[in-house]
Amino acid sequence: MQLAFLKKIRVVVSLVFFIVTVFVFVDFTGLLATRLIGALLYLQFIPSFLKFIEALSIAAAGFFFILILTIFFGRIYCSTVCPLGTLQDIFTWLSKKFRKRTRIKFTKPQNGIRYTILGALVLALCFSSLFFVNLLDPYSLAGKVFSGLLRPMFYLGNNILSRILQLFDSYAVYSVPVKIFSWPPVLFSLFFLVLIIFLSVYKGRWYCNTLCPVGTLLGIFSRFSVFKIRMDETACTSCGLCAKECKAGCIDVKEKKVDFSRCVACFDCFKACPEEGIGYRIAFFKHKGHKESTKDTERLITTSQPLSPLCNLSVLSVKKDNNTNLSRRNFFKTTILGTTAILSAKTVFSGNKAQQGISAVPVTPPGSVSIWHYTSKCTACHLCVSACPTKVLQPTFAEYGWSGMFQPKMNYHAEYCNFECVKCSEVCPTGAILPITKEQKSTLQIGTSKFIKNICIVVTKHTACGACSEHCPTKAVEMVPYLGDLMIPRVDEKICVGCGACEYACPTKPDKAIYVEANLYHRKALKPKKKVEDKKKAIKPTDDFPF
Amino acid sequence: MDRREFFKKSILTGVAAGAAMTFGDFRKVFAGKIPPPGAPGPFDLVAVKDGEPVQMFDKAIESLGGMKNFVKQGQTVVVKPNIGWDTSPERGANTNPALVKRIIEQCFSAGAKTVYVFDNTCDNWNKCYENSGIQKAVKDAGGKIVPANSESNFQQVDVKSGKKLKNAKVHELILSSDVFINVPVLKCHSSSVITACMKNHMGIVWDRGFWHRNNLNQCIADFAGYRKPDLNVVDAYRVMTKRGPRGVSEEDVVLMKSLILSKDIVAADAAAAKLFGTEPSEVPYIKLAHEAGVGTMDLTKLSINRIKM
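If you read the protein sequences in the order shown, they are chains A and B.
The C-terminal residue of the first sequence carries number 561 in the working numbering, and the numbering is unbroken.
The C-terminal residue of the second sequence carries number 1263 in the working numbering, and the numbering is unbroken.
What the hints contain is simulated information worked out from the structure, not anything from laboratory work.
It cannot be assumed that every hint is accurate.
What the hints assert, rightly or not - Computed list of chain A residues with no C-beta within reach of chain B, every gap over 12 Å:
# : residue
1 : Val190
2 : Glu269
3 : Ile553
To be verified - Derived contacts from chain A toward chain B, CB cut-off under 7 Å, selection only:
#  : residue
4  : Ala186
5  : Ser189
6  : Cys479
7  : Ser483
8  : Met493
9  : Pro495
10 : Pro542
Every residue gets a Cβ at the ideal spot worked out from N, C-alpha and C, and that includes glycine.
In isolation and in its complexed conformation, chain B is listed as follows (with noise of 0.2 Å):
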């Protein structure tokens, strides 16, 4: 922790505590009433389909109770999307750049005070930025496109739950930023069945070699409980169905039209699987995590708005 975070943690930690206080009362107040604007919703879990990725997320937010659930005035907010691969938006392998912009712009509608989006790549971090239209949808949107190509970025944390995974280096904005936004593109992998919400963490994470040597699985979903992004967005606009992770070409993607959204990041990776026509139980690391109490994997246990366009 550097001493800017540091300012910043403490100044937050103090602006939370102050929150919470001023308005814990008020809420109990009014919860029985009136549910007041952006309150949050009812539903564990919203499934969108045929739609646009943009109108698809508007209308998911909207019955999620709208961005100001979720990202407060004066917040930062890091917008973390699938960037690992030098492919153009239609090979699926990264997230809809579309998609991204609809995000940020909508964080900032709801008061976001700086919106960084970063991933750590697999291919050349520029490249990628800039072919998967990302870069561009980003400064678009007005927000921070940063790079993650550094080790000097990324700081060494303990994950206390973790079985196989006992410390990351975690980049630095996870770690200082408010409101953690994880946009994931639903794949199929050649390394772990699926790769959405959990598997998008490996981006945040600077030695993913470590985690490869290490059962892969048993880390993903260690790491899964270290920060729980306050919001999963699962693009399932452009799915890649074979030779994924990366894919060759355009044929390996299908066009499914699909969003997913929820706190829950094992359910919304279980819905993925869902989605993938592959059972959650399937994909060991979904198993794991569910299994560690991360979140729940059992579609039917959760309340979900299920919308078509």
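For reference, chain A alone in the conformation it holds in the complex (with noise of 0.2 Å):
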């Protein structure tokens, strides 16, 4: 009971992380600044993980830091950090109010599975594919429903709020266009959704305890925590209370026995126990021979207790721990680095056939340095199609090979890249989109257009149109004279930085008569040209007007 009082502190926590991300994926004004978002994602597990590999700098040890919280108190990560983690508590406490609650048995561990999903996520990640990591990532899956279902929802009812103050002649609310370009991402994010529902109704933590890798790893690493969550053999009355609040469904009331690497630190036993029969304990040096058991030498810490001086020692072998794992994770570093060439080109030539018009592969942002990578470090969070200010960046299916499933692209028919604008390398939370200034930017070449002639209006209707030319930041795509008077565009890939403003601006249809083809690597480019003065004499003003 002394140790109630986590439990509201655990909620508390939890619905701010919640509810900040939540409005980070749905919001459309750029209300938050991006440090803040960073500041908000800087926890969030693999995110800071594959950052962390990338630029090993304490600026992304977030996931370090859970490693030690763990260390110390279980998965505290998962009821506060986690969003899907939260969400899954949302629906369980709303089947409470609506329904009995279906009680989540006691039941052993799904040890095979939950090994088995973590080993090929591993050996996935070795060789550079983020296939489970897309899949299972409870921070990006939770990011694709957000950013999937909840931000088209959202939209609509600003919409609809704009479209009512309209009639009151008010237009302090405007109106944000809701297109899906590609339906596979929402399909498996309802998908997504409807399983998660389903299974926090009807089996409480069930997906962070079996599916999800996250859970997996911090399960291990909780098995080694300094202060445990135990029950009492004394004061215990196998009442049975906190079992039957428990939504990991790892206590055993008649063993007396809590499955701490399952337990997603909750607090809700605490709050459930009307004696001072469950709590947190010292567990550390008890541990190595012993099976989590209720030996009465351990006693129950309580808030009036100070912590026992030996816990420092503990903390220092725990160190040690992780310092044996950072040169593992090295070791792991160079061995993605290594495979990435051979097994991403691999994924990238295997998947689109060469068609006229298209990309042969997706473009992908500026600041995401070359395919490789980007499809190596993008767990498809979907950020980054949330805070998009014009909304270029599209999530995909399979454009990137079954490795880079869900992975957004440039999708130039859906928008094109500001050419200011830098908002996606700000809020990456992956490393996958590296941070750029917009000096970087202006000569960042994520691409370069191509002219496909023969389809050009120009060619074909013998009518003047320059879309493209007149969208182009750069003038890289310049108006040459054609036949009589009529102009047509030529390309100089050199100053061209791919921002799609040309492949968007082109009318011709079905297929654009100009496209921006993918630069593997992202190249530097030429600034624009100073100047370019043609036959027509330079227009001067006149001290007299001309008519």
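Assembling the complex is the task here: the two chains are given apart, and the hints tell you how they should meet.
In structure tokens:
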């Protein structure tokens, strides 16, 4: 009972994380500063890990803090930071409101499934494939649900409000177009949402303890936690109230044991226990060689008691553990880098057949370095899709190959990339899109425009057009004399940045007469030509009126 | 046409009819004697040079009899600048914000009820509105800056006189407002030689792609006859002379410090072309609109007030 307050703290912290995360994914006004978004997502385990193996800096070590936290108190991540965890808790809570809650019985852990998945994920990661991450990372899955389903709903609500206000001659709320360019990602999100609703209502945190790779990994770490949730044999009256509340189904009342590797640290049991029969206790020293048992030498820690000075020792040994882990991670890193080129090249070139007017591989956003860098880092959380002010970034299905499912691409049929915007590079939590400045972006070539003359309006209809050149921010697409007075586009690939304005603006149907072919490695474009004074004399202001 | 607009229109038609009956004869009585204050001036076109946008506009509108000639008490006005691009005012890709602000202020002084400002932009509209400085200018002047990014605000209309363009989706404010003031910026244009008044209309329709697919110049000329602005104000203060219509840097801009006002959209474009050093007949859509009788590009036939500041 003394620790019951922990539940309240957990609920508040998790809701703060959850609400802000949801807001970041549905917001279209860019209200939150990107630095704040970065801080919010700093602790997201897999994104942080992926960023860390690239940057090796404290700025990306959020996952490390999570590991330390886990080593001390168990899977706090699962109950507070993880948006999918909180989402499940919300569904469980709602189901309790409407019907008598299904009690999640204590079952044996599905260790076979858990470790197979984790192993497969790590193995795939070694081969630079994020296949399992894209499918199973809880943060990215939640992101896909928020961005793919909740965001359109949010937009629709906003648009209805906008329309109503317009009836009263107010334009304070503007409408936001809801356009879906690829259905599979949306359907996947919908399928997953239905699944997770079902699971959270009937099975509690089944996902977290069976499929979730982060849950499994943190579960392994929480086996070695300094403080563990245990039952007190003397205080416990075997009333079973704790087990009734446990959404992870990890409390075995008969044996008075808690499977702490499956405990998501929600602290509901603390609140439920009428005695002081369940609580945190120091467990580290007793752990080795012992099953998780409740020896009466171990004492429950309550708030009034100071922490044992011996804790410090355990901290040291924990750190040692982590150091060995780091070197292992370095090994992974080199392995990943080494195998990157071979495997992803396969991925990239196997998928798409060359087709006129369509880039052979998807164009990746500015800052993503190369298609290999991007596909081996992006967990498809779709935060960039949500944050992109123009919505040129759109989720794909299998265009990057099966390994890169749902990763966003620059969809120039949806929109084009704003010349001065670097939003996606600022928000990306995984380092798939690395931060760039506007100055860097102005000469960053993510692809080059290709002109297909034979379907251009100017050629087929012999009328003026030039929409492509109009929109070009660098005038890489220029209009040059064609027949008579007619002008026709000409592309200077050296100064093209691949923003896709020309492709978006091109009015030809069904295929565009100008399109951006992706650069596998992003390159540096030349600065736009300083001066193009054509045959006509320079226009100068005259002293008098010319009419 | 939605219900709101239907009501608006029916009421306005009634008011207009009543006003015509009331004041129609009144005007005639005095027409020969004293020109009433704010009566249409004798000029078809006013051109101003070598001033700041605000002063040039004040002078020009004064010589046309003041804004009262165009905006009556209680009327709704739509001011349509060019806000097509996400660039700063110095780049000359969008209409000068100071000019837009002044026009709105003048509208309000003339008794306008509401002044709306919008453009169906090319670049991301939020960024265009903000970085062009026009959003702030409009708000400062008390006008309403209206997003035009949603197809639901555009209504299908027939363009009866159109040769190529038979119909278009037009922003509802153009249809429902009493007064339409067209405020383009003069620029060179990669598709249509220059852009000014008639080309600026591409920002009041939804589907520009159709125009580009179906003889752009003809479509521009066709639509110019659909709803002629009550006043055209050509901002030729900073004129983009190359790499238009978006421009790449400030190097593309020449300081011309000029302004053109006319009720005749074709004449205003013709004068703008002349300023640019191009013959109006060399700009295909000006020629087409002239031939269709939308207005005249023959400046010699017009009474022009030339003001040097």
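Structure-based check of each hint:
1. Val190: Not fine: 8 Å to the nearest Cβ puts valine 190(A) too close to chain B.
2. Glu269: Given a closest Cβ separation of 61 Å, the condition holds.
3. Ile553: violated (4 Å)
4. Ala186: violated (10 Å)
5. Ser189: With a minimum Cβ separation of about 4 Å from chain B (threshold 7 Å), the hint on serine 189(A) holds.
6. Cys479: holds (5 Å)
7. Ser483: holds (4 Å)
8. Met493: Constraint on methionine 493(A) satisfied, holds at 4 Å.
9. Pro495: Interface hint status for proline 495(A): violated (12 Å vs cutoff 7 Å).
10. Pro542: This hint holds: proline 542(A) lies near chain B, its Cβ roughly 5 Å from the closest one there, short of 7 Å.
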